[in-house]
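Participant: Residue strings, one per chain:
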Amino acid sequence: MSGYSIYKPQNPFMRWLERRLPVASLVYSSFIAYPTPRNLNYWWTFGAILTFMLGAQIVTGIVLAMHYTPHVDYAFNSVEAIMRDVNYGWLLRYLHANGASFFFVAVYAHIARGMYYGSYKEPREVLWILGVILFLLMVVTGFMGYVLPWGQMSFWAATVITNLFSAIPWVGDPIVTWLWGGYAVGNPTLNRFYSLHYLLPFVIVGVVVLHVWALHVVGQNNPTGVEPKTEKDIVAFTPYATVKDVFFTAVFCLFFAWFVFYIPNYLGHSDNYIPANPGQTPPHIVPEWYYLPFYAILRAIPNKLLGVIALGGSIVLLAFLPWLDTSRVRSAKYRPLYRQFLLIFFAVVIGLGYLGSQPPEGGYVIAARILTAYYFVFLLIILPLLGLFETAKPLPNSISESVLREGVPVGASAPPPSGAKA
Amino acid sequence: MTTISAAEPSRRDFLLVATGAVGAVGVAALLTPLIGQMEPDASTIAAGAPLDVDLAPIAEGQIVKVFWRSKPIFIFHRSKRDIDSAREVNWHTLPDPAPDSARVQAGHEQWLVLIGICTHLGCIPLAHQGNYDGWFCPCHGSQYDTAGRIRQGPAPANLALPPYKFASDTTIRIGETAPAKA
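Residue numbers (the working numbering), protein chains in the order written: chain A, 1371 to 1792; chain B, 87 to 268.
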């Protein structure tokens, strides 16, 4: 966009640095002068929240690693020592454990926003695919982290999830033995999960850099799905987006702090406070809440290989959304039918989450099968067909037209003060 | 660069292919230890030696659990009723068809020895539960009968049989098989 000042260093040192490493101007053009659509709502703050949560998880994680012992005989006790003996250990561990949950809260909100406003459509396909890769990396990292306390749920989660690979014909069993480093989940498994759990967050950081880079090439989508056309459609990233991001990150942190300080074990499972016992499976095993919809899909299918394929497919299909959705209109605001089917889809995912937490019997299985069917029918049949048959509502000519009435923001009681950019 | 047609391979082409081939061998040689280090190590393999189990204290109807190679092994002393119920069913129609006689060793029909790991996703099934009075897996609801055969649920196969042989009438050795009889 034109009209935004270009970084001109005033200070002699910054001028010297600029000619050698233009990092200050990169930051300036990416996070200060960067043009953002003027109509972004609070659903657009989850990117900042996710960045914050990633940083918070890395900081608390590195500190926890100073006190944790990755060995089957000591892991459980070292976690208990963190809780009881290490100064503020209880706080750091609760921040890290609940932080994982809130990381997923934010990522689900972020994905839902992308689906509602069609943020995956041309030219943002690569941006979206990088996001799906980030989500997969988060799933793997979160799973390995859950194994580290070596409680009953840790052990059996590791057993069930690694056994998913045994469904692969021919090479399945050798792959599982290789993953375990033994004949069952044991010390080698715990050790390598610890190593990878430390590594993967930094891989996530790397992909986040690509994700932000891709975002800054194609620009942000916005609630109308109409690209900015003139300077009236945009505002500078700082202060408009930064203030909004910081404010909503603070609101999000209040919610996060409520869990950490008042109900730190609400999202966990009490069985994980029992040391791992390879001889006894807990009567009812469930994964962490953020995996429950996918777990329900796995259990809904009465065939092992097909169940595993459906589980993987339910995530991988999301990467193909830009091509499964044939409509050219981005935002669900202007797509009455898509909006309804999508809201049902969101309800179905939440419903699958509930069913994943219930025992796999009777009516729960039947319900899970119906909801699983909708999940795939929506992605594979409804989305491609909707683009062909749906009549979209008329789109606004520009972003500013959608938010201004006679030059005044819709909903404002008075004209903006003179001198304000509008 | 000159543009020579590819009709005659040049010395340069040969060097390019040869360098690439040596590089590929080098990468493969490097990947072998990096991947191989994750396989079970020598001590894990050594700890998987055969295990002797005395059957005398196991009462009829009782199922005991021992560990061999970190895997739970179920040893079920079956009653006549258990054997009959396993043999009455038409095994050709089962999800993983196997006659009861293939699940036990001839002359020792009362002893059923199984790897106690659900063939679905590796949970340990609960004994004497489910509709077939065999095992019920609490994780995803698979049900096994009194021969350890899958009867219902998502598991694709019967509970696996470990290699074992009868060292005497009342002792089994898990991890060794009897020499095949003619």
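Derived from the structure by calculation, the hints contain no laboratory data.
A couple of the hints might just be wrong.
The calculated SDA-like cross-link candidates involving lysine to any residue, where the alpha carbons are at most 20 Å apart (straight line), are [what the hints assert, rightly or not]:
#, chain 1, residue 1, chain 2, residue 2
1, B, K157, A, I1740
2, B, K166, B, A142
3, B, K157, A, P1652
The following residues of chain A were derived to be distant from chain B, with all beta-carbon distances above 12 Å [to be verified]:
#, residue
4, L1506
5, V1605
6, V1616
7, P1648
8, V1735
The C-beta atom is built at its ideal place from N, Cα and C for all residues, glycine as well.
Participant: For each hint, tell me whether it holds in the structure or not.
Facilitator: Now for the hints, and whether the structure bears them out:
1. B/K157 <-> A/I1740: 36 Å, violated
2. B/K166 <-> B/A142: 18 Å, holds
3. B/K157 <-> A/P1652: Answer holds: B/K157 to A/P1652 is near 16 Å, not above 20 Å.
4. L1506: Holds, because the least Cβ-Cβ distance between A/L1506 and chain B comes to about 20 Å, which exceeds 12 Å.
5. V1605: Non-interface label stands for A/V1605: nearest chain B Cβ at 50 Å, farther than 12 Å.
6. V1616: 44 Å, holds
7. P1648: With a cut-off of 12 Å, A/P1648 comes too close to chain B, as the shortest Cβ separation is near 7 Å.
8. V1735: 8 Å, violated
In summary, the numbered hints that this structure violates are 1, 7, 8.
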